[in-house]
Amino acid sequence: MQRTNEEWLAALRGSGREAALSDLRQILVRGLSYALVDQPNLQPGDLEDFAQEALLRILDRLDSFRGESQFTTWAHKIAIRVAFTELRRLRWRDVSLDAAVEAGAIDFVPEALVDMQADPEQQVLQRSLLEMLRQMMMTDLTERQRQALAAMLYGMPLEEIARRMGSNRNALYKLLHDARQKLKSRMMDHGLSSEDVMHVFGL
Amino acid sequence: MSDWPWPWLKRLIRRLRFARADRKADAPLVPDKLKTMVRAVVSTRPDEIGCDECFEQLDQFVEMVLAGKNAAEALPLVHDHLERCGDCREEFEALLRVVQQAAA
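Each protein sequence line maps, in turn, to chains A and B. Counting along the first sequence from 1, when you hit position 165 you're at 165 in the working numbering, and nothing is skipped either side. Counting along the second sequence from 1, when you hit position 77 you're at 77 in the working numbering, and nothing is skipped either side.
Hints should not be assumed to be uniformly reliable.
As the list claims (entries may be wrong) - Sample of chain A residues at the chain B side, in silico, Cβ under 10 Å: (1) T4; (2) W74; (3) L133; (4) P157; (5) E159; (6) M165; (7) G202.
Note that these hints are calculated values from the structure, not bench results. Just so it is clear, CB atoms sit at the ideal spot from N, CA and C, and this is done for glycine as well.
Let the hints inform the model, and build the full structure from the sequences given.
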């Protein structure tokens, strides 16, 4: 059944609530089947569970819907957040922060990252810039920033890094943003422009 | 870090850039992860938004994309965040698929 945004809000707040909830649940389950099409390890019943959890959040946040999209797009957005949060948690549950940090730090050994196809002069530059970045990471970043950066390099989702660091995704993004800003400004302090650096890495 | 030969490094970069000005096609192939990291650092902007603010506008952004509007121009900070944040990008792509299917 098609509803306008106003009709959805009125129904979910009023007497037509049961019917609206049932319709919305169906819409969310269907949407999740597309959203999670390439996700391995989905269990039977997962879509219904995610949709149920999303419904609770949607009802809880109804007042924050600003009408800048279709109500159903806004609702799908919340269901997707619920589903991905849970799937990331399951996928990474056996990886500790220490393990991710260690693996990510190994990934940043300059020798391992230099492009052996590049000409020798280019390789020297890449190695030098990486060593410079590594030194700056050691001296100019906080321990938490270094940890987060290494875990991110390893490929751990921000949300999972945040969970392990007792933080949340938004705060972790800000922590990493501050770290990047610091590294960038230190590079600029040394007279290296963004263009210089991008050029050395063929960006 | 005082022993680091910065002036030497700078000169070498300039020289190489100059010498290679006409050889753009030879851009070296460095592992993607490193490129991502270096690009992330040097492209850092002071006005980036966080995941919460991006999430706030994600539904609007997706509908603009699907309507063929220039979402990147209308909501540049959302677009910028999606380029940088893997978690948010993954959710953006999923939402795009869903709304696209619903409209089909």
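| message | Would the hint on L133(A) be counted as holding, given a Cβ-Cβ threshold of 10 Å to chain B? | response | holds, 7 Å
| G202(A) as an interface hint toward chain B, with CB separation required under 10 Å | Holds: closest Cβ of chain B sits about 3 Å from G202(A), inside 10 Å.
| request: Hold the hint about P157(A) up to the distance rule: shortest CB distance to chain B must be less than 10 Å. | output: holds, 5 Å
| Does M165(A) pass the interface check with chain B, least Cβ-Cβ distance below 10 Å? | violated, 15 Å
| Per the CB criterion, is E159(A) less than 10 Å away from chain B? | holds, 5 Å
| query | For the hint on T4(A), does the least C-beta distance to chain B fall short of 10 Å? | reply | Hint violated; T4(A) Cβ to chain B Cβ min 15 Å, cut 10 Å.
| query | Given W74(A) was flagged as interface, is its beta-carbon under 10 Å from a beta-carbon of chain B? | reply | holds, 5 Å
Consistency note: the structure conflicts with the earlier hints numbered 1, 6.
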